[in-house]
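Throw the hints in and build the complete structure from the sequences for me.
Each residue of the sequence shown is one higher than the one before, starting from 132 at the first, in my numbering.
If you are wondering where the hints come from, they were derived from the structure by calculation, not from laboratory data. Positions of the beta carbon are idealized from the N, C-alpha and C atoms, including for glycine. Warning: the hint list may mix true and false statements.
[Stated by the list, open to error] Okay, the calculated beta carbon distance ranges per label pair:
#1 L237 <-> A156: 16 to 24 Å
#2 L240 <-> F159: 21 to 29 Å
#3 A134 <-> P216: 37 to 45 Å
#4 A134 <-> W239: 35 to 43 Å
#5 Q167 <-> A213: 17 to 25 Å
#6 L242 <-> I142: 23 to 31 Å
#7 F150 <-> I202: 30 to 38 Å
#8 L182 <-> A134: 36 to 44 Å
#9 L182 <-> F150: 14 to 22 Å
#10 P171 <-> L242: 16 to 24 Å
#11 C133 <-> Y220: 38 to 46 Å
#12 F159 <-> A134: 36 to 44 Å
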Amino acid sequence: MCASSRQAMTILRFLLSLFFVIAGAMHFLSPQAYMQIMPPFLPSPLFLIYLSGVCEIAGGIGVLLPRSRRIAGYGLIALLIAVFPANIYMAVNHLGVSGTPLPDWLLWLRLPLQAVLILWVWVCAIKSPTIRRAKTHTLKT
Numbered sequence: 132m133c134a135s136s137r138q139a140m141t142i143l144r145f146l147l148s149l150f151f152v153i154a155g156a157m158h159f160l161s162p163q164a165y166m167q168i169m170p171p172f173l174p175s176p177l178f179l180i181y182l183s184g185v186c187e188i189a190g191g192i193g194v195l196l197p198r199s200r201r202i203a204g205y206g207l208i209a210l211l212i213a214v215f216p217a218n219i220y221m222a223v224n225h226l227g228v229s230g231t232p233l234p235d236w237l238l239w240l241r242l243p244l245q246a247v248l249i250l251w252v253w254v255c256a257i258k259s260p261t262i263r264r265a266k267t268h269t270l271k272t
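Structure representation (structure tokens):
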């Protein structure tokens with residue numbers, strides 16, 4: 132990977148991290164906003180909101196650290212898949228955010244946006260090559 136590609140990947144990773152850390156923090160700062168979009172069939176909604184917030188923060192930090200990057204990426208992808216039913220519930224039931232109505236087209240746009248987020252995580256945390264130290268071999272004489 133050339134220097135400019137590495138720099139671009141570092142920026143993308145930082146933005147990805149920032150996105151998930153802020154999103155995760157919002158679960159604690161404004162849990163009532165998430166309560167409104169929780170499908171009623173899910174048990175313990177407040178616990179699930181806090182749990183997903185912790186996972187988003189941990190995953191966001193994890194993608195910055197080379198040793199945890201890949202597992203953090205898989206965790207974030209699993210989380211994005213797990214919260215997908217809430218996005219469907221939100222769109223089908225015309226639910227806004229924090230009581231603010233959103234246009235239907237925006238609610239439905241959130242669904243394919245999950246795929247974009249999954250791709251972003253995949254590229255930055257799983258697919259991207261990691262810098263590995265070259266092994267040195269000694270020749271026997």
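Indices of hints not satisfied (ascending): Violated hint (a single one): 7; every other hint is consistent with the structure.
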